[in-house]
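Asker: Residue strings, one per chain:
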Amino acid sequence: MGRKLLLDKAHIEGIRYYDVYRKNGGYAAAEKALKSMSPDLVTEEVKKSGLRGRGGAGFPTGLKWSFLAKPEGVPRYLVCNADESEPGTFKDRYLMEFLPHLLIEGLLISSFALGANRTYIYIRGEYAWIPDILEEAIREAHKNGWLGKNIQGTGFDLEIYVQRGAGAYICGEETALIESLEGKRGNPRIKPPFPAVKGLWQCPTVVNNVETLAAVVPIINIGGDEYVKIGIGKSTGTKLISACGNINKPGVYEIDMTISVEEFIYSDEYCGGIPNGKRLKACIPGGSSVPILPANLLLKTAKGEPRMMTYESLNDGGFATGSMMGSGGFIVFDEDQCVVRHTLSLARFYHHESCGQCSPCREGTGWMERVLKNIENGKGKMSDIDLLWDIQRKIEGNTICPLGDAAAWPVAAAIRHFRDEFEWHVRNPEEALKRNFGLAHYADPLPVVAAAAV
Amino acid sequence: MAVQFSEEKLNKVKEIIARYPEGKQKSALIPVLHLAQESFGGWLSAETMDYVASLLQLTSIEVYEVATFYSMYNLKPVGKYLFEVCQTGPCMLRGSDDIIAYIREKLNIGVGETTTDGLFTLKTVECLGACGYAPMMQLGKHFREHLTKAKVDEIIAECRREANN
Amino acid sequence: MAEEKKLFKVKIDNITVEVEPGTTILNAARKIGGEVVPPAMCYYSKLQGSGGKCRTCLVKVTKGSEADPRPMPKLVASCRTTVMDGMEVANITSPEVQDARKGIVEFLLLNHPLDCPVCDQAGECDLQDLSYEHGVSATRYEFKRRTFDKIDIGDHIKLHMTRCILCYRCVFTADQLTNKREHGVLNRGEASEIGTYIQQSLDNDFIGNVIDVCPVGALTDRTARFKNRVWFLKPVDAHRNCDKCCGKTVLWMRGDEVFRVTARKDKYGEVEEFICDTCRFDKKSAADWVIEGPRAISRHSVISQGHYVGVHKPHETIAKVMDGRSPKLLMDIHSISEVNQPAVDLSKIDGPAHSNDFPKNNSVQ
Numbered sequence: 001m002g003r004k005l006l007l008d009k010a011h012i013e014g015i016r017y018y019d020v021y022r023k024n025g026g027y028a029a030a031e032k033a034l035k036s037m038s039p040d041l042v043t044e045e046v047k048k049s050g051l052r053g054r055g056g057a058g059f060p061t062g063l064k065w066s067f068l069a070k071p072e073g074v075p076r077y078l079v080c081n082a083d084e085s086e087p088g089t090f091k092d093r094y095l096m097e098f099l100p101h102l103l104i105e106g107l108l109i110s111s112f113a114l115g116a117n118r119t120y121i122y123i124r125g126e127y128a129w130i131p132d133i134l135e136e137a138i139r140e141a142h143k144n145g146w147l148g149k150n151i152q153g154t155g156f157d158l159e160i161y162v163q164r165g166a167g168a169y170i171c172g173e174e175t176a177l178i179e180s181l182e183g184k185r186g187n188p189r190i191k192p193p194f195p196a197v198k199g200l201w202q203c204p205t206v207v208n209n210v211e212t213l214a215a216v217v218p219i220i221n222i223g224g225d226e227y228v229k230i231g232i233g234k235s236t237g238t239k240l241i242s243a244c245g246n247i248n249k250p251g252v253y254e255i256d257m258t259i260s261v262e263e264f265i266y267s268d269e270y271c272g273g274i275p276n277g278k279r280l281k282a283c284i285p286g287g288s289s290v291p292i293l294p295a296n297l298l299l300k301t302a303k304g305e306p307r308m309m310t311y312e313s314l315n316d317g318g319f320a321t322g323s324m325m326g327s328g329g330f331i332v333f334d335e336d337q338c339v340v341r342h343t344l345s346l347a348r349f350y351h352h353e354s355c356g357q358c359s360p361c362r363e364g365t366g367w368m369e370r371v372l373k374n375i376e377n378g379k380g381k382m383s384d385i386d387l388l389w390d391i392q393r394k395i396e397g398n399t400i401c402p403l404g405d406a407a408a409w410p411v412a413a414a415i416r417h418f419r420d421e422f423e424w425h426v427r428n429p430e431e432a433l434k435r436n437f438g439l440a441h442y443a444d445p446l447p448v449v450a451a452a453a454v
Numbered sequence: 001m002a003v004q005f006s007e008e009k010l011n012k013v014k015e016i017i018a019r020y021p022e023g024k025q026k027s028a029l030i031p032v033l034h035l036a037q038e039s040f041g042g043w044l045s046a047e048t049m050d051y052v053a054s055l056l057q058l059t060s061i062e063v064y065e066v067a068t069f070y071s072m073y074n075l076k077p078v079g080k081y082l083f084e085v086c087q088t089g090p091c092m093l094r095g096s097d098d099i100i101a102y103i104r105e106k107l108n109i110g111v112g113e114t115t116t117d118g119l120f121t122l123k124t125v126e127c128l129g130a131c132g133y134a135p136m137m138q139l140g141k142h143f144r145e146h147l148t149k150a151k152v153d154e155i156i157a158e159c160r161r162e163a164n165n
Numbered sequence: 001m002a003e004e005k006k007l008f009k010v011k012i013d014n015i016t017v018e019v020e021p022g023t024t025i026l027n028a029a030r031k032i033g034g035e036v037v038p039p040a041m042c043y044y045s046k047l048q049g050s051g052g053k054c055r056t057c058l059v060k061v062t063k064g065s066e067a068d069p070r071p072m073p074k075l076v077a078s079c080r081t082t083v084m085d086g087m088e089v090a091n092i093t094s095p096e097v098q099d100a101r102k103g104i105v106e107f108l109l110l111n112h113p114l115d116c117p118v119c120d121q122a123g124e125c126d127l128q129d130l131s132y133e134h135g136v137s138a139t140r141y142e143f144k145r146r147t148f149d150k151i152d153i154g155d156h157i158k159l160h161m162t163r164c165i166l167c168y169r170c171v172f173t174a175d176q177l178t179n180k181r182e183h184g185v186l187n188r189g190e191a192s193e194i195g196t197y198i199q200q201s202l203d204n205d206f207i208g209n210v211i212d213v214c215p216v217g218a219l220t221d222r223t224a225r226f227k228n229r230v231w232f233l234k235p236v237d238a239h240r241n242c243d244k245c246c247g248k249t250v251l252w253m254r255g256d257e258v259f260r261v262t263a264r265k266d267k268y269g270e271v272e273e274f275i276c277d278t279c280r281f282d283k284k285s286a287a288d289w290v291i292e293g294p295r296a297i298s299r300h301s302v303i304s305q306g307h308y309v310g311v312h313k314p315h316e317t318i319a320k321v322m323d324g325r326s327p328k329l330l331m332d333i334h335s336i337s338e339v340n341q342p343a344v345d346l347s348k349i350d351g352p353a354h355s356n357d358f359p360k361n362n363s364v365q
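Chains as they are written, first to last, in the working numbering: chain Y, 1 to 454; chain E, 1 to 165; chain A, 1 to 365.
Isolated chain Y, as found in the complex (with noise of 0.2 angstroms):
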């Protein structure tokens, strides 16, 4: 059993509620951030708990706050990213909705870390339900007081609210959450200058999910050296992987990043295989839009080593080889799944997801969803899938905001593993409609090339 920080109490019946989450620990981080440490002592702890963003990026959290600006006179906010929207994620739900006072906790002490007396949680409009779980439990905080004037008289005001988004991906992105909290189109800001020094309304903000947030109260409960104990190398601590696809057990586990992704996929106590009896394809580890990795090069590197949950194993190979943590979104594929037309369903969420701003994102992820459909459709030509190779390539890296890159990726690594299973959809038109390509060697052990003799 892997140690849990977030999730360990989330089987205790009504720890959605102050008094039950109180008695079992609750603001215990709270308080003793509040009354025994000062604000750059809770940034040091979060520092050397080597904590690292949960929301896809994976940028250290410590540092991230460390940037923040801190003019005289001009007040900081802390924005929490509720807005998952990334295809395979569901994670931030799961603790929103059945631990609110844990994410109020984290947002607390974070605030106090940064100097911000005003916090606001951005939470996806689809989530319709939450905003009314996380209010009920901010007028508890209240009650009992952990929010507003003078907090528990340490004389730290704060207060939090809950704003809903209405449907756009992009409104995860930092700077177009901004600009959407603004009560504008969430179109990403060109950058610099960065948050840190200009964002909510141009003040000095930090924006950061909804995960990290609340890693932040087992930290401040246990102590950055002990949270960094936790796990192997750079990854340190819990995080939580949202399963999802051809599984068992679909749903949220927080795992230590000591595990290897066989014994995520296969094991009981996680994802407990795959049903039917069905064999293992392929996988999306990180969210859809980080690459996807055919059964061989998931279960080991391309060096034969077994790979392992953490965010150094992920992408070990690099994108020739390997993927990402990402936002911890994790797709399973079973041998009956067709590579073309999940690539084809990913090409229209971000056709579907651009914001429109810049050129490329605008013009090139609705070419490349039209390419796809055609080649699914049995009407591809063997050129499209250089082509597709050729505008993904065209859309990489020239974009405002990381949204190109998410939609050139799984078109990118989708051809780069699976380019035998496009060119059968174009040479088997007919076929292709009727069933799918399958398994093929996919499965099949990598041969590992032996080490040259020096």
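Everything hinted at is true.
Derived pair list, reagent style BS3-like, types lysine-lysine, alpha-carbon separation capped at 27 angstroms:
| no. | chain 1 | residue 1 | chain 2 | residue 2 |
| --- | --- | --- | --- | --- |
| 1 | E | K106 | Y | K434 |
| 2 | E | K149 | Y | K249 |
| 3 | Y | K373 | A | K348 |
| 4 | Y | K184 | E | K76 |
| 5 | Y | K191 | A | K5 |
| 6 | E | K12 | Y | K143 |
| 7 | A | K180 | E | K24 |
| 8 | Y | K373 | E | K123 |
| 9 | A | K46 | Y | K184 |
| 10 | Y | K434 | Y | K381 |
| 11 | A | K348 | E | K76 |
| 12 | Y | K184 | E | K12 |
| 13 | E | K14 | E | K26 |
| 14 | E | K149 | Y | K278 |
| 15 | E | K9 | Y | K184 |
| 16 | A | K5 | Y | K198 |
| 17 | A | K74 | Y | K234 |
| 18 | A | K46 | A | K9 |
| 19 | Y | K249 | E | K151 |
| 20 | A | K31 | A | K6 |
None of these hints come from the bench; they were simulated from the model.
No experiment lies behind these values; they were computed from the predicted model shown.
Please build the complex by placing chains E and A on the supplied structure of chain Y, with the hints as guidance.
Answerer: Okay, now just chains E and A, sitting in the frame of chain Y:
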């Protein structure tokens, strides 16, 4: 009928505006548009948007720009029950295409259409963040997850019952 | 004595230039001039907040600064990236930049109707120049292009959204020059469009400037539309006393007829000073203006090919040779030809038009 919030809703608007610093009432636009859509028939007419603009001291175009950007705002009337079925990858792996086809057949409408009795509208949407509970759809404020054909039948019957009462 | 400001040394394509801190790479390149200047389709120095969107001005920063020499990991938009002391930038010397730019041009042209033969902007179109210099001769796009209906936004301005590249310049112009913006960007992604949402006429003393800032033929002057090609006109600098604006304009003339009035533009296509709608739309007589002399036009521009001298109105020779009789030979092409019927919108036809696309006109004898 002129577009006008009730006293209670106007107080809600005031409460929303108070969440932001002085002079930043534009931030209230997205929440107030949600409130307007709920209050005025499930969609946003130009008249409704102009009303919201006047409440928040914005120009109309600022409201149109925002309302047309976000996918949750309906710019045309929709049925009483809006089925928003997710069709993105993870749901697709669990058979969302079959569910969509089944709803089309059952209600005899295409995607984006409304039944002649004005009760149901079917929309396909992109990932709603319920991938582990796929296939799924949004109905009003809530998600309906682990959909099967039988479950779809149940939901349709439930809506019909509610509409008749 | 003012304290001397420290200047930043920047190297662009191996040419060193010294600029003030806060200058963008693009403006530093403009200070050098010539071919190292990256093309810009959305940036407009007179419009605050513009730029960064079209991505044509992407460049490679090979050295961040003297203090931190690391190169930047991605290509950057030169119009929105400020220089650092010791920065080194590659534009035309970087194959990566040239390749990316080629891609951007292809993206910008993907849905563009390429209706230059009937577009008023032809000859002074930034997108035409861009594709000529950086594009390829054929598109790889095989799908139906996005089209919109043309609409009149007010008495003077035609919006032809199909041609638009979404540079947002006209939105910034309305925001910054008029007291109430009535048009904006609607919808999202590929479906984004400039519009008013509900049919509305833009009515403001300075709104005509959106025509000048538009890099393509999406916003055109209805008072000059289809009247003449720019290269047949002779641009002259002129001014008048105007109580609303500077009154300094360019008159586009043929003979002594004023076809069009625009603001004066610099070599990067940016207006020097914005002008009011009265000057632009209502003063179409040479007598309204004090003419200063011919406008200097780059010799590379097609406009400079019209070698008209003097301001003599061309003679109506037909009437003269026919002893005053009106000509009878001229006929309406549509009465005898089945193609090019005005009722058929060519932009709505998929691919090249064929005779089947035109209804048969059996009444022709």
